[in-house]
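Going down the list, the sequences are from chains A and B. Positions 1 to 479 (our numbering) are the ones given, in order, by the first sequence. Positions 1001 to 1471 (our numbering) are the ones given, in order, by the second sequence.
Treat the hints loosely; a few may be bogus.
As the list claims (entries may be wrong) - Stretches of chain B that chain A covers, calculated by requiring three or more beta carbons in the stretch to come under 8 Å of a beta carbon on chain A:
{"id": "1", "region": "1026-1037"}
{"id": "2", "region": "1077-1090"}
{"id": "3", "region": "1243-1254"}
{"id": "4", "region": "1321-1332"}
{"id": "5", "region": "1407-1420"}
The set of hints was computed from the structure by calculation and includes no laboratory data. It should be emphasised that the depicted structure is a prediction, and the values quoted were computed from it without experimental measurement. A virtual CB, placed ideally from N, CA and C, is assigned to each residue, including glycine.
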Amino acid sequence: MNAPLRRVAISVLVLFTLLIINVNYIQVVRSDELRKDPGNTRVLAEEYDRERGSIVVAGNEVALSTATKDRLTYLRQYPAGELYAPVTGYYSVIYNSSGIERAENELLAGSDPRLVFRRIADLFTGRDPAGGNVELTLDPAVQQAAMTGLEGVTGAVVALDPSTGAILGLASTPTYDPNQLSSHDPAAIRAYREQLTDDQLTNQAISQRYSPGSIFKVIVSAAALASGKYTPETPVPAPDLLTLPGTSTTMENFDGESCNGGADQPLIDALTISCNTAFAQLGIDLGEDRIRSMSEAFGIDDTGFEMPLRVAPSKLGDIENDAQLGISSIGQQDVQLTPMQAAMIAAAVANDGTLMKPYLVSQVQAPDLTVIDKTDPEKMGQPVTPEVAGQLTKMMTSVVESPNGTGRRARIDGVQVAGKTGTAENSADDHSWFIGFAPADNPKIAVAVFVKNGGRTGGDVSAPIARSVIQAYLDGQGG
Amino acid sequence: MSAPTTDPRGSVAATAVPTRRGTEALLLGFAVLITVVAQSIVDLTVTGSLRPEMAGFSAWITALWVVAHLVVRKWAPYADPLLLPAVALLVGLGLTVIHRLDLATEQVGSSVTREDAPVQLVWATLGVALFVAVLVLVRDHRSLSRYAYTLALVGMALLALPALLPSAISEVNGAKIWIRLAGFSIQPGEFAKICLVVFFAAYLVDKRDVLALASRKVAGLEFPRGRDLGPVLLAWVLSILVLVFERDLGSSLLLFGIFVVMLYVATERSSWLLIGVGLFAVGAFLAYQVFGHVRARVDVWLDPFAYRDGAGYQLVQSLFGLGTGGLFGAGLGGGRPDQVPVAKSDFIASAVGEELGLFGLVAVIVVYLILVERGLRTSLIVRDAFGKLLAAGLAFAVAWQVFVVLGGVTGLLPLTGLTTPFLAYGGSSLVANFVLVALLVRISDAARRPATPHAPPPPRLGDAPTEVVQR
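Could you build all of it, start to finish, from the sequences and the hints given here?
What follows is the structure in structure tokens.
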């Protein structure tokens, strides 16, 4: 019986070797993947043991950790509730985290390399290690005005400081209460999470992109002015009906209105009243190359970026013929922008043609509030010359300030506002857009307002929201 | 006249064959040391101070192994010196992890704070008592073969009992393998396993010549006669019945595996293995088709992450624990092994892997390997056929159970309801496995004991030549 016994002994060795190989595979090869799996709350639980840093807006903590008596030592709280949810995100035991909580997690949790010397010091001084603080560029008045303006609709507001790219407001609705997702009661978290809609959990300002409609005419205008063949006063054809080249399809203006009785009209007037046929024809005349390169210069280049939240790529889309070029030139066809990208267009025009990279974190601090890193404004591109930017500003000011401008409802007493409306057709109700900046002669704030399926025009729905946001900021700036 | 001496052969033999009891004592000392240090680390990490019961616990655990060692010294002096220390280490580690999980549930502030570690210590004490009883009462393992058919009956009865009892008494988490009475719950299957291994050994020693008869050769393998298929078919049917009536995949797989391997060892015919694998394949296929719970287990095994919030939750949590533990583990008391449901019993290995890391878990696997291989070595060197088969069956039972359980917990195999021997929380499993290891100790003593004039009749001639070569 000894021969089979030896074979059994060897088989047992083989079986146990299999076990050991498999354990190696799980604990070494797959270790990282398993450790980081969103369903694995272990690493998160470890983070809860340490006092997480705060997220600060204008000196006030909008996300902070408070000590509790339960097992997860620190509870994450958001005193302003829904107001900053699109920016801070949540910090959940079950659903991981989102927003700044996720993007700046290493710093907030205290594992960021920039904190390493401090942590070594903590070892010696016996101080409890804590996370660093993140200070945001947001302006509370702007954020409040934006969220108030969007109440009851699905939409987004992005407000930028055109000269630096600092994000003054980042609003997305419908929103949610991050406190409810960040509690320590799994059942309550699940119950709350399950009744949230996709819209509530999506950041409309940066994660979603939509047809821009007529706000895209600013890009076409920029391309025209930059070509050197046009000035704001150059007359352009503005027919009542435009037959798209190579097709029998005709394009008409909004509500079938006439732009200038069918006659040519100056470029500035075409933008002021948002004449579709004029811009479709202009786009076709300029050619795809000019439109595409100008789009890319403004950031519409299909790549996206991080600020540090991920901004989805905006795109012009493929253009196969002049008919599509015409439709794309009025911001339809496959043109898709995020509200963030829309705000960047306004900001670049406002900043003498220089596009600054948007950023949300102004500085990060060690637990003892000493500044360990500061964001320096960064130039992202120079889509147009200061001269063209000046001409665009003049034209966009006309959109708001002219008696027949589509952006009339963005006017503010005593301040010149420049802007452009957009009403984008889609399979459901039209999207309503407005981009703009103010004061026109010395821009302090650039905004984009987007209302999903707003139904009415950008001038009706979005311009008033932009107005209140701009007003809120300028009031706070003492002017 | 010189002073009267005892049997000179005895003293000569004793010097020729060292008893190795000193080695055993030393290794047991290490096991106790590791246990006490590990318990202290848990306390210090989790609560910051040693619990007051620590001194009592240390004394108790030391006393347990001192008693076990002294009994071996007295009643089985030539026993293999590695068996008992391996068990002591596993039991100590198990107690530590269970205590650590006790503390975790208290941390959460859960309303059902149960101290399971002291209960397990009581079971371990009972286990050692039975270990002692077996060594004292069973002086010669061959005497067991006289009770083979009685044990077969007892084993069958124990196996069948939960199936016959009402579900209220016998069912936990879908498996009908318990007897729960007056606050106690026992798994009679664990004891049935040992009874049946004894019976298999006795039965196969009797019938192995017949079963080894070949009728035809297929592809170089000699297959048994059709009429000799009876016993293996019976074991197969028995396993299927366990699966049907008790919904216990683990015991079913365990019993059939043990029987087929013992049959192979007894007859030296590889064809039995093939027949066994074939029958297993048929059974597995039928079970997958017919039983929803088997299908669910297999589905979860194939892709646990697809069922991460449902049937696969436990396994996925176990994998998370193992992955987070990584190479070195979170340290005792440093992880969150309580995130895995029933970590104390079925999934104790994942708690070990999480807190002691890959190194800790592999060390545990190696300790099991030592235990099993020492058992198989005993089987190799013991002289009588019954002892050979019994030791082989018992050692393989441990190996097979460890493989199936650890394989399940680490996702290598579908999950079964078996517990990790010696390590996991659970009285029946612990006590039964102490009986098992007592039998192995008893056989290993007989195997290494030098032959004396009073020695029982020599083993079967058939084995003798092999032994000579072996030495």
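Results of checking the hints against the structure:
no., hint, result
1, 1026-1037, "violated (count 0)"
2, 1077-1090, "violated (count 0)"
3, 1243-1254, "violated (count 0)"
4, 1321-1332, "holds (count 7)"
5, 1407-1420, "holds (count 4)"
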